[in-house]
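J.: First to last, the protein sequences are chains A and B. Under UniProt numbering, the first residue of the first sequence is numbered 1, with each subsequent residue one higher. Under UniProt numbering, the first residue of the second sequence is numbered 1, with each subsequent residue one higher.
Source of the hints: derived by calculation from the structure; they are not laboratory data. For each residue, glycine too, the CB sits at the ideal point set by N, CA and C. Take the hints with a grain of salt, since some may be wrong.
[Unchecked claim] Straight-line C-alpha distance at most 30 Å; calculated DSBU-like pairs for lysine-lysine: (1) B:312 - B:253; (2) B:479 - B:447; (3) B:326 - A:287; (4) A:129 - B:476; (5) B:137 - A:129; (6) A:129 - B:253; (7) B:245 - B:424; (8) B:253 - B:479; (9) A:63 - B:408; (10) A:129 - B:447; (11) B:408 - A:52; (12) A:287 - B:479; (13) A:287 - B:312; (14) B:434 - A:287; (15) B:434 - A:129; (16) B:245 - A:52; (17) A:129 - B:479; (18) B:253 - B:476; (19) A:63 - B:312; (20) A:287 - B:85; (21) A:129 - B:424; (22) B:245 - A:287; (23) A:287 - B:253; (24) B:447 - B:114.
[Stated by the list, open to error] So, partial list: chain A residues that the calculated Cβ filter (under 7 Å) puts toward chain B: (25) 63; (26) 136; (27) 139; (28) 249; (29) 256; (30) 280.
In case you want the letters, here they are:
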Amino acid sequence: MATTKTATRLDVPKTYKLFIGGAFPRSESGRVTEVRSPDGGFVANVAKASRKDARDAVRAARKAQPGWAGATAYNRGQVLYRVAEVLEGRKAQFVDELVRSEGLSAARAQQQVEDAVDLWVWHAGWTDKIAQIGGSANPVAGPYFNLSVPEPTGVVAIVAPQQQGLLGLTSVIAPALVTGNAVVVVPAASSPLAAISLGEVLATSDLPGGVVNVLTGDPAELAPWLAGHADVNALDLTGAGGLDWVELEVIAADTLKRVIRPEPGLAPETPQRILALTETKTVWHTKSRL
Amino acid sequence: MAFLDYAPAPESTSILDLRDDYRLWIGGEWVDGGGTPFASISPSTEQRIAMFASADEGDVDAAVAAARTAFRTVWGPMSGRDRGKYLFRIARLLQERARELAVAETLDNGKPIKETRDADVPLVAQWFFHCAGWADKLDHVGLGAAPQPHGVSAQIIPWNFPLLMLAWKVAPALAAGNTVVLKPAETTPLTAMLFAEICEQAGLPAGVVNLLTGAGDTGAALVRHPDVDKVAFTGSTAVGREIAKAIAGTDKKLTLELGGKGANIVFDDAPLDQAIEGIVNGVFFNQGQVCCAGSRLLVQENVHDAVLERLKERMSTLRLGDPLDKNTDVGAINSAEQLERITRLVDRGEAEGGERWSPACEIPAQGYWFPPTVVTGVEASSTIAREEIFGPVLSVLTFRTPDEAIAKANNSPYGLSAGIWSDKGSRVLAVADKLRAGVVWTNTFNKFDPTSPFGGYKESGYGREGGIQGMQAYLKAGK
Chain A
1 MATTKTATRL DVPKTYKLFI GGAFPRSESG RVTEVRSPDG GFVANVAKAS
51 RKDARDAVRA ARKAQPGWAG ATAYNRGQVL YRVAEVLEGR KAQFVDELVR
101 SEGLSAARAQ QQVEDAVDLW VWHAGWTDKI AQIGGSANPV AGPYFNLSVP
151 EPTGVVAIVA PQQQGLLGLT SVIAPALVTG NAVVVVPAAS SPLAAISLGE
201 VLATSDLPGG VVNVLTGDPA ELAPWLAGHA DVNALDLTGA GGLDWVELEV
251 IAADTLKRVI RPEPGLAPET PQRILALTET KTVWHTKSRL
Chain B
1 MAFLDYAPAP ESTSILDLRD DYRLWIGGEW VDGGGTPFAS ISPSTEQRIA
51 MFASADEGDV DAAVAAARTA FRTVWGPMSG RDRGKYLFRI ARLLQERARE
101 LAVAETLDNG KPIKETRDAD VPLVAQWFFH CAGWADKLDH VGLGAAPQPH
151 GVSAQIIPWN FPLLMLAWKV APALAAGNTV VLKPAETTPL TAMLFAEICE
201 QAGLPAGVVN LLTGAGDTGA ALVRHPDVDK VAFTGSTAVG REIAKAIAGT
251 DKKLTLELGG KGANIVFDDA PLDQAIEGIV NGVFFNQGQV CCAGSRLLVQ
301 ENVHDAVLER LKERMSTLRL GDPLDKNTDV GAINSAEQLE RITRLVDRGE
351 AEGGERWSPA CEIPAQGYWF PPTVVTGVEA SSTIAREEIF GPVLSVLTFR
401 TPDEAIAKAN NSPYGLSAGI WSDKGSRVLA VADKLRAGVV WTNTFNKFDP
451 TSPFGGYKES GYGREGGIQG MQAYLKAGK
């Protein structure tokens with residue numbers, strides 16, 4: 001016997017890092033936030049993203065976006081369904097993290113994880129249908145073939161809902177991904193653990209690196225940088241109700257970003273939320289006269 | 001006398017019965033404005049057409065209140081079928097008075113009569129006719145059963161297509177059940193006033209449409225009014241930005257149609273004669289004062305010289321002059337201010353190394369004119385390849401491969417329109433896929449239709465006008 005078993009095992013705590021460009025770097029700033037359980041015990045140090053991290057994340061998202069948008073709708077649907085599968089397989093881990101960091105009962109944590117899985121499944125089914133709901137064949141008065149199709153807006157920066165950390169995060173990321181956007185998301189400050197673990201799920205679900213980037217940290221600190229970034233095309237402020245979100249919308253106006261406001265907001269699990277992060281492209285093609 | 005020197009064929013203005021003074025139209029009444037009245041002049045002659053009232057904040061209050069009352073008491077509760085019937089009536093009246101409207105528009109804006117007669121005014125009637133049919137079919141616009149109008153819609157439109165932009169805004173708003181307060185541009189208020197007369201002829205209930213003439217202050221007061229539910233703006237990107245800031249944090253819905261710097265991409269296998277017509281139409285239609293103008297010509301390097309030679313030959317046949325002449329191709333620039341901007345930008349283009357060419361053409365002594373101009377040797381970084389000129393000025397760049405064409409076309413903060421000219425269908429579709437623009441015309445350019453959504457990507461604004469997507473912009477999901 002090479003090793004001797006002891007009566008008690010010393011556990012191996014997880015190091016929670018950022019999720020940028022498919023990798024898990026520490027914050028370049030070297031900063032962390034301490035997460036404690038409801039009873040006050042130390043759980044983990046979570047990386048606290050900086051402005052530089054946000055810029056790196058936007059760069060990664062921009063690089064990844066054309067490839068993701070260029071994948072077939074069927075392929076995007078397969079990947080989103082794969083996310084649901086992998087999340088389902090790691091249910092116990094997420095339940096544990098939600099219990100430890102959000103203080104939920106095991107039953108409620110389990111319900112939230114299952115709802116999140118189901119929401120990924122719901123979105124997986126939309127990828128090859130949303131163009132049929134949001135697009136149109138236009139009967140113009142002339143010899144033209146004329147089609148309108150929804151296309152992704154590009155890079156979407158998101159402040160995720162502050163409640164129900166995992167489910168809220170899913171409810172804003174998944175609709176953006178359906179049509180081929182890339183995402184930089186600031187998760188709820190109250191559930192950074194589930195957010196980074198979701199990053200691990202995404203990293204192992206055939207989602208190309210950089211399509212989703214997760215920046216744990218202070219939403220109030222990060223959101224203005226993202227709102228003002230000229231290479232971000234849309235800003236989803238669904239979870240920014242507690243911030244000075246009006247100022248964020250004002251900043252976003254400088255680059256004419258599409259903004260989803262926190263109030264009254266856009267209902268999750270609706271095609272309107274998916275379409276809010278698209279542009280409509282209309283293509284006119286001449287028809288010859290025979 | 002060159003072979004193209006036809007005898008003049010001016011359209012008569014006797015069809016017009018204009019007043020000397022136009023007032024504000026609020027709650028179905030003509031009322032004085034609180035601001036200082038201003039004149040609208042004809043840009044081709046610099047002659048005054050009429051005086052127009054200027055609305056101050058009190059007038060904006062009154063107009064929004066009239067619109068709110070009409071929304072609450074008449075237009076909101078009315079059946080979709082009856083709303084539609086009013087819009088059909090308006091469409092018919094527009095058709096009946098088409099010639100009068102075309103002449104008035106040309107007089108006030110300076111654009112050629114053949115464009116107002118054959119493009120603007122027919123499209124205006126078509127837009128009302130199309131939207132009229134939506135009014136009783138709103139359950140089918142894709143927002144579920146019984147979608148709801150926003151309420152009072154504030155609308156601000158530009159001077160380049162005064163009546164057409166009015167139709168694009170007013171028709172869908174009314175069809176959806178909203179009431180309207182609209183401000184036309186200060187240099188082109190005339191046809192909006194004629195539209196008020198048409199609303200009267202149609203018996204449209206008082207306050208459903210309200211028209212406020214005035215300048216930027218009037219528009220700003222309208223956008224900021226707390227009782228406005230929806231703002232629709234077409235105009236410059238700079239003003240669009242200000243509006244987006246002004247409504248931040250409010251419940252107001254916003255659609256913006258802003259600037260553009262459209263790429264018109266010509267591949268070496270393009271049907272050249274058609275492409276030349278498309279290039280000309282793309283950038284000289286309405287003197288280039290079109291947000292979706294194809295103002296950046298991207299031509300494949302191996303056909304550059306052939307395209308330029310034919311283009312210059314074609315440009316030499318363009319007739320510049322009296323917009324009321326039925327043979328005129330290029331009319332007057334809308335204002336002295338706009339002429340100054342075009343002149344400044346083209347001078348800058350030349351200073352940055354571009355080579356400028358215009359056909360020999362006589363510039364009238366009165367009015368605001370700029371000859372059709374092509375600037376070759378333009379770099380992607382040149383000012384005139386980046387900034388919207390909004391005039392009859394074409395910047396020419398070259399490319400070698402489709403990827404290079406796509407990269408250059410997308411190298412702009414704007415994303416409104418693009419054109420592709422090629423005989424190869426598979427390539428056309430592949431290139432169209434990769435262009436970041438809201439409207440892509442392939443082997444054609446500058447086509448518009450009320451069934452077809454129009455609007456931009458990126459800093460060209462958000463929202464669409466036209467089609468089912470355009471109707472959605474004036475509705476919210478029912479509860």
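J.: Next step is simple, just say for each hint if it's right about the structure.
T.: Going down the list of hints, with the structure as the test:
1. B:312 - B:253: Violated, because 46 Å separates the two Cα atoms, which is more than 30 Å.
2. B:479 - B:447: violated, 37 Å
3. B:326 - A:287: holds, 29 Å
4. A:129 - B:476: With a Cα-Cα distance of about 22 Å, the restraint between residue 129 of chain A and residue 476 of chain B holds, given a limit of 30 Å.
5. B:137 - A:129: Holds. Residue 137 of chain B to residue 129 of chain A sits at ~23 Å (cutoff 30 Å).
6. A:129 - B:253: holds, 27 Å
7. B:245 - B:424: Distance of about 44 Å is beyond 30 Å: violated.
8. B:253 - B:479: holds, 18 Å
9. A:63 - B:408: It holds: about 18 Å lies between the C-alpha atoms, which stays within 30 Å.
10. A:129 - B:447: holds, 28 Å
11. B:408 - A:52: Between residue 408 of chain B and residue 52 of chain A the Cα gap is close to 29 Å, so the pair holds against 30 Å.
12. A:287 - B:479: Roughly 43 Å separates the two Cα atoms, so the pair is violated.
13. A:287 - B:312: holds, 28 Å
14. B:434 - A:287: Since the Cα atoms of residue 434 of chain B and residue 287 of chain A sit roughly 22 Å apart, the hinted pair holds (cutoff 30 Å).
15. B:434 - A:129: OK: residue 434 of chain B and residue 129 of chain A at ~21 Å, within 30 Å.
16. B:245 - A:52: holds, 26 Å
17. A:129 - B:479: holds, 24 Å
18. B:253 - B:476: holds, 10 Å
19. A:63 - B:312: Not satisfied, since the Cα-Cα distance of roughly 41 Å exceeds 30 Å.
20. A:287 - B:85: Between residue 287 of chain A and residue 85 of chain B the Cα gap is close to 34 Å, so the pair fails against 30 Å, i.e. violated.
21. A:129 - B:424: holds, 29 Å
22. B:245 - A:287: violated, 43 Å
23. A:287 - B:253: violated, 37 Å
24. B:447 - B:114: Since the Cα atoms of residue 447 of chain B and residue 114 of chain B sit roughly 16 Å apart, the hinted pair holds (cutoff 30 Å).
25. 63: Since chain B brings no Cβ nearer than about 15 Å to residue 63 of chain A, farther than 7 Å, the hint is violated.
26. 136: Result: holds, 5 Å to nearest chain B Cβ.
27. 139: holds, 5 Å
28. 249: holds, 4 Å
29. 256: holds, 5 Å
30. 280: holds, 5 Å
Going down the numbered hints, you'll see the structure goes against 1, 2, 7, 12, 19, 20, 22, 23 and 25, while the others check out.
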